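For this one, chain A is given, so just place chain B on it according to the hints.
So the sequences go chain by chain: A and B. Throughout the first sequence, residue numbering follows this note's numbering, covering 1 to 248 in sequence. Throughout the second sequence, residue numbering follows this note's numbering, covering 249 to 543 in sequence.
Warning: the hint list may mix true and false statements.
Said to hold, decoys possible - Incomplete in silico selection of chain A near chain B, CB under 8 Å:
hint	residue
1	Q176
2	L179
3	S180
4	D181
5	P182
6	T183
7	C184
8	P186
9	E232
10	Q233
11	N234
12	C235
To be verified - Derived CB-CB ranges, DEER-like:
hint	chain 1	residue 1	chain 2	residue 2	range
13	A	K189	B	R422	31 to 41 Å
14	B	N526	A	L130	52 to 62 Å
15	B	G328	A	E150	52 to 62 Å
16	A	R147	B	S352	23 to 33 Å
17	B	T314	A	T211	21 to 31 Å
18	A	T226	B	A511	44 to 54 Å
19	B	K349	A	T175	46 to 56 Å
20	B	E415	A	K189	18 to 28 Å
21	B	E329	A	K189	52 to 62 Å
22	B	T314	A	T226	52 to 62 Å
23	B	E329	A	T211	34 to 44 Å
24	A	E146	B	T499	41 to 51 Å
Because the hints were derived from the structure by calculation, they are not lab data. No experiment lies behind these values; they were computed from the predicted model shown. For glycine and all other residues, C-beta sits at the position ideal for the given N, C-alpha and C.
Spelled out from the first residue to the last, the chains are:
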Amino acid sequence: MTDDANPVPPDPPGDAAASGTSLRLPAWLSGRAVRFRDALTDDRLLALLILVDLVTLLTSASIWLALGGDAGVVGVTAGALLAFVAAMLPLIRRRDAEGERPLWPPLILVVIPLAVLIVGLPAWGVRVYLDSRPVDMSHRFTLSPERAVENGDTVVASAHTDDPHPRLTIRFAVTQHNLSDPTCAPGSKLTVTLPTGAGQDLPQTRAADETFVLDLGEGMKDIRLTVRLIAEQNCALDLSVTSAHLNE
Amino acid sequence: MIHTTHAPGSGRPGVRRLVRTVAALLLITVTACVSDDKDEESGLRDTVFIGGKTDQPGFNLHAAHTDRGLEVDLANYLGGEIGFHPKFHDVISANREQELKEGSSALIIATYSIAPDRERNVDFVGPYLVTGQGFLIREDYQGLKTEKDVAGKEICTVDGSTSAEAELPRGTTRQKVADYSTCVRKLQRGAIDAVFTDEALLYGFVEQQKNSKVPLKVAPGVTAGQINRYGIGLPKGHTADCKSLVRALRTYLTEEWAADVQAQLPALVHAYPGDWENRFRPDPEDLDHYSSCNA
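Same shape as in the complex, but just chain A (with noise of 0.2 Å):
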């Protein structure tokens, strides 16, 4: 008997060291591994790939931002990470040079904007989504001084925002001190003045219990607001902040 009943079938060329140790990829991935180092040398699934890249490092960044990064420190990064790709551009530019074709330009010039888009106009319209939207400033007031005011009296209301918008929306409350006293707040006004702002110095005065809007102008993170009370003789009134928002 011989061995050509099952014959040994010839190592495949430039495997010999895979042969030698008996390890050999199972068919279906090493197809696959084929394919994918085939696909290597398309010039499309490299830009595809650069592309990912980018789109992950541009919406990393924009992350960061909207979470209170320091917008120099993200911009700083995100500008290494993209003068690194630029960077990279020319070595596979290089390629041209050994005889193999371009892989940019044409598509990898794409691949730069085309991020910047998939990136930029989802953060824009949040962003615009975002500062629509007006900011709660309800509980964050503070009046000084703390206690019951009478009429002409005036009273400082401040607050600090991270968020600034041109616009405060406020409404104030006036309660009476001494619920024995006879009915005095309904009669009561306000007058609400902005020492800064674009509104500066332009007092309004409306009945108490009104919507007083006022123009802060952009920018404004410190909100110090004056309010004086107009009551009846001897209407002891305490007075606070029921609503405020800071809208466009």
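The following block gives chain B in isolation, referenced to the frame of chain A:
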């Protein structure tokens, strides 16, 4: 082949029952909403017992089996508009809330100032008169010309009134009694220096005592305390009655108020010629701000 036919508009029995049930529930809900106020039993019909202070000239003075005064005129007007017959009985200031709680009075019309702590226990309709507070003195008395002069004086007020709680200059001695007639008698006897209460009320006593041996006057320009607004007190939760009273009072203020004040409080009109309506007459819109209900 058998065809089952249904009359137009009829459905299967189960569906019909469901439709009827839903319709009945909707009808009950709508009826309950619409009749919210109307089903409430009104306390303002036939004879209505009203707690008043029948010793207050100009507002309500019971003499010779007759009640006279601005509050009597007001009660009669309201009775005519709403359809009841008012019957006053005397109530002291300190007992006004209790009268309404116990049901001894259906209404209180007794120079009753609208105040937040009172509104916890009773509802108000008003105001029907607005007044500051002042000092009643003997006509020949020269010791009270400015607010500063009040310090060190012996002042009479009525227990349970807002004047009894009002802030007065340090050093003022305050005597609290049950009614204003007692204060006025003490003043005329010289036992006290002044009576402190609502200015409008004091002018009633000025008018009453103008021909007595010791005539009185309101110290001109001397004021203290807060502005009082007289309201009609009624038991809490009688929304339909409250609304009826607001509507009637609104017309009273524009149609009858001025004539009644001129007739019942001539000393007040005389003290502020040309200005008394501005000072004492409420704006009809005030009813929306100070009443416990809106109508």
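Checked hints:
Interface restraint check for Q176/A: the shortest CB-CB distance to chain B comes to about 5 Å, inside 8 Å, so the restraint holds. Given the 8 Å rule on beta carbons, the hint for L179/A holds: about 4 Å separates it from the nearest Cβ of chain B. The beta carbon of S180/A is positioned within 8 Å of a beta carbon in chain B (closest approach about 5 Å), and the interface hint is therefore held. Checking D181/A against chain B: minimum C-beta separation of about 6 Å stays under 8 Å; hint holds.
For P182/A, the interface hint holds, the least distance from its beta-carbon to any beta-carbon of chain B being 5 Å, beneath 8 Å. Among the interface hints, the one on T183/A holds; its C-beta lies about 5 Å from the nearest C-beta in chain B, closer than the 8 Å criterion. Interface restraint check: C184/A against chain B, minimum CB-CB distance 6 Å, threshold 8 Å, status holds. Restraint check, P186/A versus chain B: the minimum CB separation of about 4 Å is within 8 Å; hint holds.
Interface hint status for E232/A: upheld, as the beta-carbon distance to the closest one in chain B is roughly 5 Å, under 8 Å. For Q233/A, the interface hint holds, since its Cβ comes within 8 Å of a Cβ in chain B; the closest pair sits about 7 Å apart. A least Cβ separation of about 5 Å between N234/A and chain B falls short of the 8 Å threshold, and the interface hint therefore holds. Because the beta carbon of C235/A sits about 6 Å from the nearest beta carbon in chain B, less than 8 Å, this interface hint is met.
Hint check: K189/A to R422/B, Cβ distance near 32 Å, so the stated range 31 to 41 Å holds. Separation of N526/B from L130/A is about 53 Å and conforms to the stated range, judged on CB atoms against 52 to 62 Å. Separation of G328/B from E150/A is about 42 Å and departs from the stated range, judged on CB atoms against 52 to 62 Å. Here the CB-CB span from R147/A to S352/B is close to 41 Å, at odds with the stated 23 to 33 Å.
For the pair T314/B and T211/A, the supplied restraint of 21 to 31 Å is violated, since their beta-carbon distance comes to about 53 Å. For the hinted restraint 44 to 54 Å between T226/A and A511/B, the CB-CB distance of approximately 49 Å keeps it satisfied. K349/B and T175/A have their C-beta atoms about 25 Å apart, which leaves the hinted 46 to 56 Å range violated. Between E415/B and K189/A the CB atoms are about 23 Å apart, so this pair conforms to the stated range of 18 to 28 Å.
Separated by about 34 Å at the C-beta atoms, E329/B and K189/A break the suggested range of 52 to 62 Å. The hinted window of 52 to 62 Å between T314/B and T226/A holds, with their beta carbons roughly 57 Å apart. Between E329/B and T211/A the beta carbon distance is about 37 Å. The supplied range of 34 to 44 Å therefore holds. Here the CB-CB span from E146/A to T499/B is close to 45 Å, well matched to the stated 41 to 51 Å.
Of the numbered hints given earlier, the model fails hints 15, 16, 17, 19 and 21; all others are met.
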